[in-house]
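K.L.:
Take a look at the letters that make up each chain.
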Amino acid sequence: GAGVSQSPSNKVTEKGKDVELRCDPISGHTALYWYRQSLGQGLEFLIYFQGNSAPDKSGLPSDRFSAERTGGSVSTLTIQRTQQEDSAVYLCASSLGAVNTGELFFGEGSRLTVL
Amino acid sequence: GNSVTQMEGPVTLSEEAFLTINCTYTATGYPSLFWYVQYPGEGLQLLLKATKADDKGSNKGFEATYRKETTSFHLEKGSVQVSDSAVYFCALSPGAGNNRKLIWGLGTSLAVNP
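If you're matching them up, the sequences are chains F and Y in order.
Read in order, the letters of the first sequence correspond to residues 56 to 170 in the working numbering.
Read in order, the letters of the second sequence correspond to residues 176 to 289 in the working numbering.
Don't read these hints as lab results, they were simulated from the structure.
Yeah, the Cβ is synthetic: ideal placement off N, Cα and C, and Gly gets one too.
One or more of the hints may lead you astray.
Said to hold, decoys possible - Just the calculated beta-carbon pair ranges, DEER-fashion: (1) Pro63(F) <-> Asp229(Y): 40 to 50 Å; (2) Ser233(Y) <-> Glu69(F): 45 to 55 Å; (3) Thr131(F) <-> Tyr214(Y): 21 to 31 Å.
As the list claims (entries may be wrong) - With a straight-line cut-off of 30 Å between C-alpha atoms, the simulated DSBU-like cross-links for lysine-lysine are: (4) Lys276(Y) <-> Lys112(F); (5) Lys112(F) <-> Lys66(F); (6) Lys276(Y) <-> Lys231(Y); (7) Lys276(Y) <-> Lys66(F); (8) Lys112(F) <-> Lys70(F); (9) Lys276(Y) <-> Lys235(Y).
To be verified - Taking beta-carbon pairs under 7 Å as the criterion, some of the chain F residues facing chain Y (in silico): (10) Leu98; (11) Glu158; (12) Phe161; (13) Glu163.
Start from the sequences and build out the full structure, keeping to the hints where you can.
P.N.:
Okay, here's the thing in structure tokens:
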């Protein structure tokens, strides 16, 4: 598609279950980002992929969170043993490259609710 | 450290009213500044940006001027429309490094009534 695509758009899960969130970036964009947006909070950086470089995982809040990007395109964010505080909107964004333009293209997000 | 503070919402205006959403920042070096907008049911999208002091970003009738002396990047529009109803985010990119370190404000919700 023309934009960043995320799935699922909504996910309700029980505490302790694992979840996977998917992001399909804009074709040709080498940089991919995951952010988390909690109620009343700004966007929290989670992880960044740039081409074949090692990802910047400095924003991941705990070792229950992991992400991978296969073939330089689609990315999956995995949250293991979900907790209620993981409830948030998870946003994926892509950009053309690692340049300091700040122009990120966002998906509509995946809303995660942990009961 | 780097931070962004923007005015709390929600902001409610009548159509054709003047809009100001305040944004101030703290940063080391020479950051770039951005406004992103999130329309209902859509992803965030870049509205405008400014990369150095005194630059003015503009788009869709919105403007913001990078004021280093007041560390501000206030968003303005002379005459808002119902279609401008959205959440607006101010963001900062530090002067060094790439844009993975965007620092975000909390967002300001704007509702424009006909």
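K.L.:
Run through the hints listed earlier and report the numbers of any the structure violates, in increasing order.
P.N.:
The structure breaks none of the hints.
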